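Visitor: Line by line, the protein sequences give chains A and B.
Residues 107 to 275 (this note's numbering) are what the first sequence spells out, left to right.
Residues 677 to 961 (this note's numbering) are what the second sequence spells out, left to right.
Keep in mind that the hints were calculated from the coordinates and are not lab data.
One should not assume that every hint holds.
As a list, the in silico DSS-like pairs of lysine-lysine whose alpha-carbon atoms are at most 27 angstroms apart [said to hold, decoys possible]:
| id | chain 1 | residue 1 | chain 2 | residue 2 |
| --- | --- | --- | --- | --- |
| 1 | A | Lys114 | B | Lys851 |
| 2 | B | Lys705 | B | Lys678 |
| 3 | A | Lys114 | B | Lys678 |
Here are the in silico distance ranges between beta carbons for each label pair [stated by the list, open to error]:
| id | chain 1 | residue 1 | chain 2 | residue 2 | range |
| --- | --- | --- | --- | --- | --- |
| 4 | B | Glu828 | A | Asp120 | 35 to 45 angstroms |
| 5 | B | Gly882 | A | Arg202 | 52 to 62 angstroms |
| 6 | B | Pro818 | A | Ala228 | 19 to 29 angstroms |
| 7 | A | Leu116 | B | Ser759 | 33 to 43 angstroms |
| 8 | A | Ser124 | B | Arg865 | 50 to 60 angstroms |
| 9 | B | Arg864 | A | Glu125 | 32 to 42 angstroms |
| 10 | A | Glu196 | B | Glu828 | 53 to 63 angstroms |
| 11 | B | Arg864 | A | Ala264 | 35 to 45 angstroms |
| 12 | A | Asp199 | B | Arg865 | 23 to 33 angstroms |
| 13 | B | Pro818 | A | Glu237 | 40 to 50 angstroms |
| 14 | B | Gly909 | A | Asp120 | 34 to 44 angstroms |
| 15 | A | Ser274 | B | Ala880 | 47 to 57 angstroms |
| 16 | A | Glu125 | B | Glu699 | 25 to 35 angstroms |
| 17 | A | Arg202 | B | Ala695 | 52 to 62 angstroms |
In this text, all values refer to a predicted model and were calculated from it rather than measured experimentally.
Built from N, CA and C at the ideal position, the CB exists for glycine as well.
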Amino acid sequence: MDDAVNDKVLLSLDVNGSEHEVLVEPRRTLADVLRHDLELTGTHIACEHGVCGACTVLVDGAPVRSCLMFAAQAEGRGVRTVESLGRGDELSDLQRAFTEHHALQCGFCTPGFLMLAEGFLAARPDASRAEIREAVSSNLCRCTGYQTIVDAIEDCAARRRAAERTRSA
Amino acid sequence: MKPPPFGYHRARDVAGATALVAELGEDAKFLAGGQSLIPMMNFRLARPAHLVDIARLGELSFLRRDDDRLHVGALTTHHEVESAPDRSVRGFEVVREAMRWIGHLPIRTRGTAGGSLAHGDATAEWCLLAVLLDAEIVTASPRGSRVIPAGEAFLGFFTTLLEPDELIVEVVFPKPAPHAALTEFAERRGDFAIVAAAVDLDVAGGRVTGGRVVLGGVAPVPLRVPAAEALLGAGERADAELFAACGRAAAEAVDPPDGPGPGADYRRSLVRALVARACEEALAR
Ligand SMILES: Cc1cc2nc3c(=O)[nH]c(=O)nc-3n(C[C@H](O)[C@H](O)[C@H](O)COP(=O)(O)OP(=O)(O)OC[C@H]3O[C@@H](n4cnc5c(N)ncnc54)[C@H](O)[C@@H]3O)c2cc1C
Ligand code: FES
Ligand code: FES
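Chain A on its own, in the form it takes in the complex (with noise of 0.2 angstroms):
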């Protein structure tokens, strides 16, 4: 192999909108850095072959796997992942829907759904239960049976419609 294959490369990544400086071997996906060198480990890691979802995080605001993407893809890019939805010890809307609607229950699902979900809102804010249901297929939880994330998703929706309304009235 030449010398090329074994370099690590110095990356500048935007995560959570500050910036980090790592230098990883190429094939370091961006799930990997995002919890090893960053310590970011609300990102969960499973299948890491695209099927489970619990690796979503966003880049440029975009739902991806970040188990399916190199972190060299993501320089020059806005990465946003569960740590950027709470402030400090308060939750978020969506956070606040899961608990409210029993959405989680190991939690071991849950920060990919979170981001799928804010993700997907931010594009679709007045997605229909049938949308909500579609979009939340793309990830697998083994124990809430999903009917609670898609009531938790579309109460989060109703109520920044609401807020919306009240906004520019």
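Keeping the supplied structure of chain A fixed, place chain B with the ligands upon it in accordance with the hints.
Guide: Below, chain B with the ligands alone, put in the same frame as chain A:
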């Protein structure tokens, strides 16, 4: 699992990307959305020594409808096509509607048209659409550019006519297909189809005057089915009876793989149902 090591290179333009892959040799690959290549690397089914990342070639990301043709840039994501406004896909709605069958939203935000065509999965929606609508696959390599007719592009199981240093630049759909539809069946929402069926009907005065039928999941490549197409060319009334007959003819004509997983008989039953369903949807469009 974790992917094996490789050298990472970022291309700045098309000529640079193809020259670099040519120079790095057989074990170098283009990296687009990574939604097929990275899972294969994580499974260690692919071990490229070098990846040339083409994602920054913004000029390959577009969706344009002009002179009755639809141009889709190689780096256009499935999600960009799925979200395209009506006017930019008029007459080609089948292309936009087919996107929702591809994996899930977070796959579609990264995966690209060019990557799908190059990967060459026989059930991939882009491959089926390209064969159905006689698309032209426009490529660039250090030897210049060429146009590959989709009908000749797919050679066998995950094998295409592309040279290792040949980059897909765009795919061009040459004429509107207002009565076309793609439908499929998978075990779980978002999985690759067990069988997929795509049809394109010529309809005039309530009669079907011609049509094409393409299947995925019954052969190593997207398969046209002349025996079923013949029924659509006879000027028969466009009704459920004709469509059911077309489905039966397609099911009789194919010789799907048997063995582990869904067997040949099951796939043939799916063909029968899905071809008829695709015809109904195409007529209703
Ligand atoms: C969970 C999951 C479900 C999926 N379900 C489906 C599905 O139902 N239907 C479906 O069609 N796909 C599905 N996919 C695959 C997805 O559509 C991929 O996006 C697509 O197959 C490849 O596109 P890409 O841009 O990600 O290519 P990459 O993975 O980056 O590349 C794939 C191959 O194409 C080559 N390549 C990439 N771009 C070019 C180019 N412009 N010119 C020449 N060669 C190029 C690469 O070198 C590589 O060999 C799924 C993927 C996952 C992870
Ligand atoms: S760990 Fe990324 S999708 Fe399962
Ligand atoms: S809450 Fe346990 S996997 Fe979803």
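Visitor: All the hints need checking, so say for each whether the structure fits it.
Guide: Tested hints:
For the suggested pair Lys114/A and Lys851/B, the alpha carbons sit about 48 angstroms apart, so the restraint of at most 27 angstroms is broken. Between the alpha carbons of Lys705/B and Lys678/B the distance comes to roughly 18 angstroms, so the proposed pair stays at or under 27 angstroms and holds. In summary, the hint linking Lys114/A to Lys678/B is supported, as the alpha carbons are separated by about 16 angstroms, within the 27 angstroms threshold. Separation of Glu828/B from Asp120/A is about 44 angstroms and conforms to the stated range, judged on CB atoms against 35 to 45 angstroms.
Between Gly882/B and Arg202/A, the C-beta spacing of about 56 angstroms keeps the proposed range 52 to 62 angstroms intact. Range check, Pro818/B to Ala228/A: about 42 angstroms between beta-carbon atoms, so the 19 to 29 angstroms window is missed. For Leu116/A and Ser759/B, the hinted distance range of 33 to 43 angstroms is satisfied, since their beta carbons lie about 35 angstroms from each other. Checked against the hint of 50 to 60 angstroms, the pair Ser124/A and Arg865/B fails, with Cβ atoms roughly 36 angstroms apart.
At about 39 angstroms, the CB distance of Arg864/B to Glu125/A agrees with the hint of 32 to 42 angstroms. A hinted range of 53 to 63 angstroms for the beta carbons of Glu196/A and Glu828/B is consistent with their spacing of about 60 angstroms. Distance hint for Arg864/B and Ala264/A: a CB-CB separation of about 29 angstroms, inconsistent with the stated range 35 to 45 angstroms. The hinted range of 23 to 33 angstroms is satisfied by Asp199/A and Arg865/B, whose Cβ atoms lie roughly 27 angstroms apart.
In this structure the supplied range 40 to 50 angstroms holds for Pro818/B paired with Glu237/A, their Cβ-Cβ distance being about 45 angstroms. About 57 angstroms separates the C-beta atoms of Gly909/B and Asp120/A, a value inconsistent with the hinted range of 34 to 44 angstroms. Between Ser274/A and Ala880/B the beta carbon distance is about 50 angstroms. The supplied range of 47 to 57 angstroms therefore holds. At about 33 angstroms, the CB distance of Glu125/A to Glu699/B agrees with the hint of 25 to 35 angstroms.
Between Arg202/A and Ala695/B the Cβ separation comes to about 53 angstroms, which falls inside the hinted range of 52 to 62 angstroms.
The structure shown violates the earlier hints numbered 1, 6, 8, 11, 14.
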